[in-house]
Amino acid sequence: MYSEKFQKSLAAVEAARDKNVAMEPVRMTAQQKTDLLAAYHPDYRQDQFEELKIGPNKGNKVPKELAAILQAHSRITADSVDLENPDYDVDVLVIGGGGAGSSAAIEAHEAGANVMIVTKLRIGDANTMMAEGGIQAADKPNDSPAIHFVDAFGGGHFAAKRELLQKLVCDAPEAIKWLSELGVEFDKAEDGTMITTHGGGTSRKRMHAAKDYSGAEIMRTLRDEVFNRGIPVVDFTAAIELILDENGNAAGAVLMNMETKELMVAKAKTVIISTGGAGRMHYQGFPTSNHYGATADGLVLGYRVGAKLLYAETLQYHPTGAAYPEQIFGALVTEKVRSLGAKLVNVNGEVFMHPLETRDVTAASIIRECSDRNNGVETDDGLAVWLDTPMIEKIGGEGTIEKRIPAMMRMFGQFGIDIRKEPILVYPTLHYQNGGLDITPDGMTTNIKNLFVAGEAVGGIHGKNRLMGNSLLDIIVFGRIAGKSAGATYKNVNVGKLTLDHIAKFEKEIADAGIETETVSPKLLPDYARKVNG
Amino acid sequence: MENMVNIFLYGKKYSVPGNLTIMKAMEYAGYQLVRGCGCRNGFCGACATIYRIKGDKELKACLACETKVADNMYIATLPFFPLVKEVYDINKIPVDQTVMMQLYPEIYACIGCNACTKACTKKLNVMQYIAYAQRGDFEKCAEESFDCVMCGVCSSRCPAGISHPQVAMLARRINGKYLAPDCGHLNDRVQEIKDGTFNDLIEALMQKPIEEIKELYNNREIEK
Numbered sequence: 001m002y003s004e005k006f007q008k009s010l011a012a013v014e015a016a017r018d019k020n021v022a023m024e025p026v027r028m029t030a031q032q033k034t035d036l037l038a039a040y041h042p043d044y045r046q047d048q049f050e051e052l053k054i055g056p057n058k059g060n061k062v063p064k065e066l067a068a069i070l071q072a073h074s075r076i077t078a079d080s081v082d083l084e085n086p087d088y089d090v091d092v093l094v095i096g097g098g099g100a101g102s103s104a105a106i107e108a109h110e111a112g113a114n115v116m117i118v119t120k121l122r123i124g125d126a127n128t129m130m131a132e133g134g135i136q137a138a139d140k141p142n143d144s145p146a147i148h149f150v151d152a153f154g155g156g157h158f159a160a161k162r163e164l165l166q167k168l169v170c171d172a173p174e175a176i177k178w179l180s181e182l183g184v185e186f187d188k189a190e191d192g193t194m195i196t197t198h199g200g201g202t203s204r205k206r207m208h209a210a211k212d213y214s215g216a217e218i219m220r221t222l223r224d225e226v227f228n229r230g231i232p233v234v235d236f237t238a239a240i241e242l243i244l245d246e247n248g249n250a251a252g253a254v255l256m257n258m259e260t261k262e263l264m265v266a267k268a269k270t271v272i273i274s275t276g277g278a279g280r281m282h283y284q285g286f287p288t289s290n291h292y293g294a295t296a297d298g299l300v301l302g303y304r305v306g307a308k309l310l311y312a313e314t315l316q317y318h319p320t321g322a323a324y325p326e327q328i329f330g331a332l333v334t335e336k337v338r339s340l341g342a343k344l345v346n347v348n349g350e351v352f353m354h355p356l357e358t359r360d361v362t363a364a365s366i367i368r369e370c371s372d373r374n375n376g377v378e379t380d381d382g383l384a385v386w387l388d389t390p391m392i393e394k395i396g397g398e399g400t401i402e403k404r405i406p407a408m409m410r411m412f413g414q415f416g417i418d419i420r421k422e423p424i425l426v427y428p429t430l431h432y433q434n435g436g437l438d439i440t441p442d443g444m445t446t447n448i449k450n451l452f453v454a455g456e457a458v459g460g461i462h463g464k465n466r467l468m469g470n471s472l473l474d475i476i477v478f479g480r481i482a483g484k485s486a487g488a489t490y491k492n493v494n495v496g497k498l499t500l501d502h503i504a505k506f507e508k509e510i511a512d513a514g515i516e517t518e519t520v521s522p523k524l525l526p527d528y529a530r531k532v533n534g
Numbered sequence: 001m002e003n004m005v006n007i008f009l010y011g012k013k014y015s016v017p018g019n020l021t022i023m024k025a026m027e028y029a030g031y032q033l034v035r036g037c038g039c040r041n042g043f044c045g046a047c048a049t050i051y052r053i054k055g056d057k058e059l060k061a062c063l064a065c066e067t068k069v070a071d072n073m074y075i076a077t078l079p080f081f082p083l084v085k086e087v088y089d090i091n092k093i094p095v096d097q098t099v100m101m102q103l104y105p106e107i108y109a110c111i112g113c114n115a116c117t118k119a120c121t122k123k124l125n126v127m128q129y130i131a132y133a134q135r136g137d138f139e140k141c142a143e144e145s146f147d148c149v150m151c152g153v154c155s156s157r158c159p160a161g162i163s164h165p166q167v168a169m170l171a172r173r174i175n176g177k178y179l180a181p182d183c184g185h186l187n188d189r190v191q192e193i194k195d196g197t198f199n200d201l202i203e204a205l206m207q208k209p210i211e212e213i214k215e216l217y218n219n220r221e222i223e224k
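Those protein sequences? They're chains A and B, same order as listed. Reminder that position 112 of the first sequence reads as 112 in the numbering used here, one-by-one numbering, no gaps. Reminder that position 26 of the second sequence reads as 26 in the numbering used here, one-by-one numbering, no gaps.
Hints are supplied without guarantee of correctness; some may be wrong.
In silico contact screen, one side only, chain B against chain A (beta carbon under 8 Å); selected entries [as the list claims (entries may be wrong)]: (1) C39; (2) Y74; (3) L78; (4) G176; (5) G184; (6) G196; (7) I222.
Beta-carbon label-pair distances, calculated as ranges [claimed, not checked]: (8) A:I76 / B:V95: 29 to 39 Å; (9) B:K54 / A:K61: 46 to 56 Å; (10) B:T197 / A:E181: 56 to 66 Å.
With a straight-line Cα cutoff of 27 Å, these simulated DSS-like cross-link-like pairs (lysine-lysine) come out [what the hints assert, rightly or not]: (11) A:K177 / A:K161; (12) A:K205 / B:K85; (13) B:K92 / A:K484; (14) A:K177 / B:K194; (15) B:K85 / A:K177; (16) A:K188 / B:K140.
No wet-lab data here; the hints were simulated from the structure. Even for Gly, the Cβ is constructed at its ideal location relative to N, Cα and C.
Let the sequences and hints guide you as you build the complete structure.
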């Protein structure tokens, strides 16, 4: 149900639909993509970045908002807590209760470790829950891990750490099998063949899905398994500072109850950071598809004790965030909508690109359409382009939308838009943190011993852009790796005397660099009180 | 501001823009949410909410993140509901209705009032999927409950004390693990990787100069 002002453009989209369904748009050349990104992708706007003055990545540029929390004060001082009397003492401390943290906890438990999850909201309040489209794995006869490798490496602009990408693609089929055996319901044909589709930038149809609730289905299954195993989950409790031991190795975290603000000490032989992404930092003022707690906490915790970041300057703007109605502004419209045949159409009803270019290229192309080319559709919140969803049923037949993307149908249906009959309006939304903490293939940070990282808080697996379906894959693959590694490592760890000396040291660096700031971090939650948008 | 409406948060009156969701309206009013807010997008079930429009006898349930405010809406959030989650070993459970009799026997005390279905924030046919679970028809229970976000509103209305979302969760795991057809090509590929079938190909990629991989990437054959 679109108001009067959209009708003229809507009529153009409808009039051109049959012609647009039939056409096969050409893909861009490598040079065209490079030029487009440089001119329109938000990662290339130099004035939105700031050089870090302190810490292991001194001299690197990161988004301004990230620089502010990386170079901020701790929420505590060393004497805020009593390190001699820890409230918890475990083998493996998992910080973050999303898909990566849950996978890690299950594997560490399987290895015999005394493992505990702390999470600032509830277990499952994570971007994993919101991943709609699917999970990649090269398990069909016409595909191979090597082809998957080339797709992901190219899609990430040839910047991925190859030894991490190797793990990702080679462990992928096993990850799908592991999930299946836990009871995750993948879309299958009657003979058991996986129903798979393309994602932007894939050369084979290797996107496995559970309708368009792929992440939710995986997350709720992992959560159920965590509970079945009796792994303690300390919820509404944030890690606000890592604890090192006298040898400089990770040895626990200071925890804060989100409601009572009580501080506690968790001592641990190994620590796994699985805190997820950063969408709620709203870099460059973009809306986000991310969950409420996505505030880059893990990057802050790690950076303050000296762990290195990789590619923290690269973010993923998902090309299709909902641009209308206002109530779901910024919410994710899964790429699967385009995998199933919907094309991107401008205000005049013209298809302006191949719908399955990589995400960064697609986002840049939409931004170009809405800026210099002046072909955007005006909404209350800015400009947008059409994503012509009725094409899906013209191609796949009536009922395809309800069967394959029911969550999308429901989300727009809630506000009176029937996506089977009407197209939807989209604009890029801040979606994924490509960069993060630098790790080795066993999941440990490159320079802090016994500190592991998994999931979106890792940098380097995908390079500088990520393909659809490779993040659900990475949280499972690297979550399991971190859990297994920590589950083996702790057996040989003798924790030395606990210290929080790094806080004062970092404060001195802030002062010496002449940084004047009142910001404290990690941020934990965005501040939307008394604001209209959020 | 145009189109303001009056809402009542836990009974207290606030004036908010009428196009906001309940969640955004709470924030507009000044709440800094900790509980009752997760994905903000209808997937996680954190923001279960009950409301009544003044003068209307019917109590309604919704997710605060995807429901617009209305004038004279009385709102109370339900950020936590004590569902009963029984623990089990997924590798050692019977795959018929005896598992339900053992773990969730209260489902057989359903009196058919259908309050669960009426309350569902996702408009699912909750009583129907419980009926499937009673019969051990886990495939149908899984299908019917698939969109469940486990917000717990159904259970808050149930006179028999059933934890519907947890019953459905069990049914879906049984369906995914035991009843869905086994995937031959997946098993084959896992074995091939264990056998090292792709080691040479991958090793070659690990060493290849960037320019050569670019060549490979830019000239890939893309499956139609």
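Does the CB of B:Y74 sit less than 8 Å away from some CB of chain A?
Violated. Min distance 20 Å.
Per the CB criterion, is B:C39 less than 8 Å away from chain A?
holds, 5 Å
Are the Cα atoms of A:K188 and B:K140 separated by 27 Å or less?
holds, 15 Å
Just to be careful, I want the Cα atoms of B:K92 and A:K484 compared with a cutoff of 27 Å; is the pair within it?
Between B:K92 and A:K484 the Cα gap is close to 23 Å, so the pair holds against 27 Å.
Is A:K177 within 27 Å of B:K194, Cα to Cα?
Between A:K177 and B:K194 the Cα gap is close to 13 Å, so the pair holds against 27 Å.
Does B:L78 meet its interface restraint, that is, does its C-beta lie within less than 8 Å of any C-beta in chain A?
Hint violated; B:L78 Cβ to chain A Cβ min 14 Å, cut 8 Å.
Residue hint B:G196, partner chain A, criterion CB-CB below 8 Å:
violated, 10 Å
Does the CB of B:G176 sit less than 8 Å away from some CB of chain A?
This hint holds: B:G176 lies near chain A, its Cβ roughly 4 Å from the closest one there, short of 8 Å.
A range of 46 to 56 Å was offered for this pair. Does it hold for the Cβ distance of B:K54 and A:K61?
holds, 54 Å
Is the shortest C-beta separation between B:I222 and chain A less than 8 Å?
holds, 5 Å
CA of B:K85 to CA of A:K177, is that 27 Å or under?
holds, 25 Å
Keeping to a limit of 27 Å between CA atoms, is the pair of A:K177 and A:K161 held or broken?
The given pair, whose Cα atoms are some 25 Å apart, holds under the 27 Å limit.
In terms of the numbered hints stated before, the structure departs from hints 2, 3, 6, 8, 10 and 12, listed from lowest to highest.
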